[in-house]
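> With the hints as your guide, set chain B with the ligands onto chain A.
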Amino acid sequence: MKDQHLINVTVNGAEHEVLVESRRTLADVLRHDLGYTGTHLGCEHGICGACTILVDGTPARACLMFGVQADGAEVRTVEGLADGDRLSDLQEAFSRRHGLQCGFCTPGFLMLAEAYLAENPAADKEEIRDVVSSNLCRCTGYQGIVEAITDVAAARREAS
Amino acid sequence: MSTATPERTGGVVGARVRRHEDDRLLKGLGRFADDVNRLGQVHARIVRSTLAHGEILRIDTAEARALPGVLAVITGADLGDIPPIPIRLPRGDEPDGCLQRILPDEVRYVGEPVAAVVAADPYLAEDAAELVTVEYRELPVVLDAADGPASARMQAGFGEVDAAFSAAAHVVELDLDVGRHAAVPMEPRGLVAEYDAANGRLQVWGATKVPVFNRNVLARMLGMPAEQVRLHAMDAGGGFGARGEFYPEDLLIPWLARRLRRPVKWTEDRAENLVALNHSRQQRHRIAAAFDADARLLALRDGITHDNGAYLRTHGLLVPELTIGMLPGPYRVPAYQASVEVVLTNKTPCGTYRAPGRYEGTFAREHLLDVAADRIGIDRAEIRRRNLLRPEEIPHVRPLRALGTDMVLDAGDYPALLETALARTSGWRDEVARLRNSGRKAGYGFAVFLEKSGLGPHETADVIVEPSGRIRVHSGGTSLGQGIETVLAQIAADRLGVDHEDVQVVNGDTDLQPFGLGSWASRSTVLAGNAVDLAATAVLARARSLAARMLGAPEDLLEHAAGAFAFGDRSVALGEIAAACAPGSPYLEPGTEPGLAARRVFEVDHMTYPYGVHVALVDIDPGTGHVTVPRYLVAYEIGKAINPTLVEGQLVGGVAQGLGGALYENFHYDDQGQPQAATFMDYLMPTAAEVPGLVDTIVAEDAPSPDNPLGTKGAGEGGITAAGAALANAVRDALGLGEAVGRLPLSPQWICTELG
Ligand code: FES
Ligand code: FES
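Residue numbers (our numbering), protein chains in the order written: chain A, 1 to 160; chain B, 161 to 916.
Bound-form chain B, shown alone:
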């Protein structure tokens, strides 16, 4: 294909252009879900279970209904037969009875919706919701995954693991826990739904992530044709995997709007958000590695218990599957065996959170390698050097599957990036020594990781040239704050040779782009970006033939530059060419479609595998157990950075989130299953005082992906993947532990205990 592809002319790909999103967001003109208002709208409030497990015996709604201004109070009985929420990425072996139902008779976690109230005003709706009383028969609760039966089991592996362990010179085995933490974006969820009885169309604002999938699910659950439902993606205050999946409210609010024939608005509050939005991460690993006398890996083994909370939500078994699929990371692992038991507990259900499965697995593997190096008596960097796949071993086909695709580690030089990161931070080791000499508990830790991105199977884009010369792009990507609007504009502008500011990107409108798969798994720049590139390329080919007719010159002698085609001293700009594509134009050949536009789909079979290194320097206050992180480095290979500033921003932001999970964030419960982290007073996200003042980044572009024309790999997750691992390694180094740290988060209490 590349021979038919014209040279990029704009030079905008790779440039640090100013974000298109910034102007409106800085002026307070962004449009978030709660900013939408429709004429005559009314307000919903969800009544949630106060019990972790119970059978609903009776719901009394009479008092709530009697409150003036209340329009409706509904319970499960009103909904009739509505199927449970389906899995977005099914494997096919998900157990029955594990899917989340809408207003069920049996509640399985605190926060589960049991009824909904609609009133003229949101304050009134909240008053009324408090008047709804629910009578339960309490049922026993399971809060520790070790106490529950597994609902699903998965295995992955290859090679002769048992033989390798019996032949090993060294075997190292650790027990490690990863705490329950989650995405917690700053904007709580919100939805506005409006049903137009005149034409039977339903519109929903605020479901931003996978709008086309959500539209299809909603239409099916409501018994409507999909095209009668239109979802509008909005500005969204962060996603990180959790926001924008299909939750019970995504059915309830549109259902109420259709029933009441009034626009219905629902805005989640933070207390709801902390129990309703997907949690993530909670796993227990028993990980072991076998080494020969030279510290070369002979085999890796892991037995994992995955606490999935009360239901399988839209991600199904994806997180535990990714944990075992990605666990061997960038290493040469001759034999591997991992099993995972997925246990349902009476806690908020789990879904993905930025680098799902990899944050957990990278922590387990990289912590194991540090402990192993110490026990074997070799340098912690050396054990990795001996075991990282070398460039000549890549592409490396690994007999594993990840997200339903075969695993082919596509391009890279893992040891070189490790050396770069170590060299860049070599002075930090002296700093640690200096701090220790002055009586501080300081430590240096690092971790190597493999990421995955660019999951297909496809993404579609439209590129439309208007007679004004401006370009419109309709993409299935959605904007969760990552800057995808800017990146897609850069890609279109680069191909068309126009100013990127003349490109307007419309994301996630299901009417405009009904084939879009949305933004998740670091796929947008890879998939949507290449779809835009293909569509722009097609537009350019059509423009060239029109230009040839307009200029009376042979196509192949035309020069394309600066958004125009030239022959000698005459030229026509893209806008003029678009005007010449209007019906009745003498240049539009009879029988051809009017307009200068193209819709193209980009398809891929494999994911692409970016990789990187995290390095941390920590300084621990022995009195309080507070961990300061004065220095941090992320080195990340992403093939091609469309906008390096945005890539760096993703990395720095990811580090802050990863540090939260490593040191502070924890959804804890009492022994009745009552959530104890239900406000930002108890769920501790890092502030500017806790994160490193300066995160150093190395954005490497040495190993472009061979699987897409732009050569790009996803940049959304590499800032977080190894943060738990690097910080745990640094803290262990600081404390001088011989053993493993055992858990994340490494709370101040735990650190104080370790310090004695």
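This is chain A alone, in the form it adopts within the complex:
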């Protein structure tokens, strides 16, 4: 038997107690033990960013963390962005700007942008482009993604 650990993790506000093997990645804990399959795995070596989630508010690559490292943490995944059926402003903007095609990379980009805009509400397009260059998308050419995040930054600035 491999060594197992009982961890507590809060995902999108819901508390979970889960028994995990030390080597089990946080991505697998979220996807397969807890059923949050919206977090995607494109490379499992930290390059593509499809697995980006927020751990205590900071973007992290779920494929590069072990489940045990999330003991006691607050995790946010793509499933927690919409308010019931109502999409968040970022999700809306991605659709309006055609910032997704296959949608596989989308959860990672959304979570990355969510955290970035929270810290940098005044972000401009060049900064946004620079930040999203940490994630890969094979379908969109990034144009719609950058436009969508830029729109939301502007709208939030206006509203504040």
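There could be a bad hint or two in this list.
As the list claims (entries may be wrong) - Short derived list, chain B residues pointing at chain A, Cβ under 10 Å: (1) E181; (2) R191; (3) V344; (4) P345; (5) G397; (6) R430; (7) G814.
To be verified - Covered stretches of chain A, as calculated for chain B (at least 3 residues, CB under 8 Å): (8) 32 to 41; (9) 96 to 102.
These aren't lab readings, by the way, just hints derived from the structure by calculation. Ideal Cβ positions, reconstructed from N, Cα and C, are used throughout, including at glycine.
Frame of chain A, contents of chain B with the ligands only:
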């Protein structure tokens, strides 16, 4: 047919409606292959060859089998007599012994499956796979196609080529290499297979592209009747030609599920994906053109070596065939001769990647035209103006074949689109001059291309009206991220006069649509779209006769609008009509089928030929060799855009991929045949920092295809076709090279060398 076809009423075709796919994908509710879980499932891991060429002497599985939690370890000996994977689009002249086998005794590339392990948990399966030891006798490796014998040879051509070359005022000949790069979709492959011993049915989730073909192959290999196998297409994280073809795993996972009587899941990791999924593109061209004194083409000639990797996979010889079939492009070529040698090497086998054969050929031809214009001393645009087919020469029958069909360039005005693209980008030339004045290495380059799309021979669709008023469409198309769900809903809604959001499209379920041919070669909107249009038209005709009975009015006096038929001030909606088609309804004529539904097939003999122009402005950092692309334009004629936003998205996304192949992406190998690009650290796909900030697009709809009622041409590939060519031309312009660039990708190292 068009006289019998009612007017479209919905106005939804051509509208930028919001994608149906978006809501679920944005919420994380998409269903990708690895998201499927079946009760009691176990996990497979593939053991892959670590050698590029070798005979397997012995496989030791004892240690792996002994690991607690391991359910099975299988090698080729367990499989018995399983035939190799057949070709999906056979020409009939494919050489013997070139097809990929399942767990063979001789491995021919690193990554080839040699055994499979099943365990209770995927981590455990991976542990066990590492305990499988394979003893090989090493065999010599062939890594350069120039060193191997050709396995197949193909020719295409017409006219008096030799005579034209001897009479020419100018002859230009170039050697050009296209690097090995590939689709590499963001979602690795995944499959879940479940066998129900109670009824002998096998279900497979995750084979999304050509599910009906794959079902038939799988059933044949397993010795089962096809209808006992059900494939479910899923959301897929990109396809671009490579994902969803029949690979060894597509047999192994279902085979294991049937053997173990347990659902078996397999999820590929990225390291596997980079050696297992089809590679593409690698070709060497010796291309030559003969011109008269006025720079008019007299003849075109190309001798190509095509590195196909270790096997012919499901595309067979399609990529090299398309290269020589499409090479003359949109030009008036009086004489043409091309030959291609297909060489098998000890590398990952090749298949298609978005614009197969055309990305390569367009680069060769359009780079040649730039070099030729410079040598002859005329403008690079002028040489094309003189040689592009003029509108009055179209339709143009070219004595070539493409994908087994006669080549008829169907509709278009090629020179006009070139002028539009040049006019739109004329300011870029001033920008290049400004940049150069400030000491930068800047360049302007463009390329004209011909695409093909809408390959038949047929596609089938069902349109079903439910009593709720909602519409269901069962299509053979599959969703690879391109938005086909939305496009088909728009087409059905437009014909039926209903809200597109009331149309639900189910793609690629082999039980629901057993005649579907799938999504590839930019065929879905053309073929599946027109099939949906025909089925919806048939539904409407039946609805009209029911409505006439319901309203007690003559059929031809009924008005069809907003999803209803009206006579005077009374009307019946489609849902009510569907309810009136229930058994026992007084309106259902005795002896007629219940339900308001139709299944129709759309057939075509010819492909359709969209065309376009790519223009690039590049700015090169002389210190690092980094190429920035501040401006890019794609102008593409597609006949009719069902949803212009989605067409633009296809073009912009295609440019990013084409730029990857032109500047960064390269599957390279060491001299033992060990892949050196086995992670995303070494296989460099463009990020937001490398692609143009804004790709300008012109979606032209001036030349609808005469071969389908919607007039549409495929939009999936035009964003990539000429990207290698336009970027190579722009980089050559920036560097001020007299010679050709010689190769793609144009790596920073190469650029620095050229800069001295
Ligand atoms: S899956 Fe985590 S970065 Fe790619
Ligand atoms: S939308 Fe397909 S990978 Fe980004």
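> Next step is simple, just say for each hint if it's right about the structure.
Against the structure, the hints:
{"no.": "1", "hint": "E181", "result": "holds (7 Å)"}
{"no.": "2", "hint": "R191", "result": "holds (8 Å)"}
{"no.": "3", "hint": "V344", "result": "holds (7 Å)"}
{"no.": "4", "hint": "P345", "result": "holds (6 Å)"}
{"no.": "5", "hint": "G397", "result": "holds (3 Å)"}
{"no.": "6", "hint": "R430", "result": "holds (4 Å)"}
{"no.": "7", "hint": "G814", "result": "holds (8 Å)"}
{"no.": "8", "hint": "32 to 41", "result": "holds (count 7)"}
{"no.": "9", "hint": "96 to 102", "result": "holds (count 5)"}
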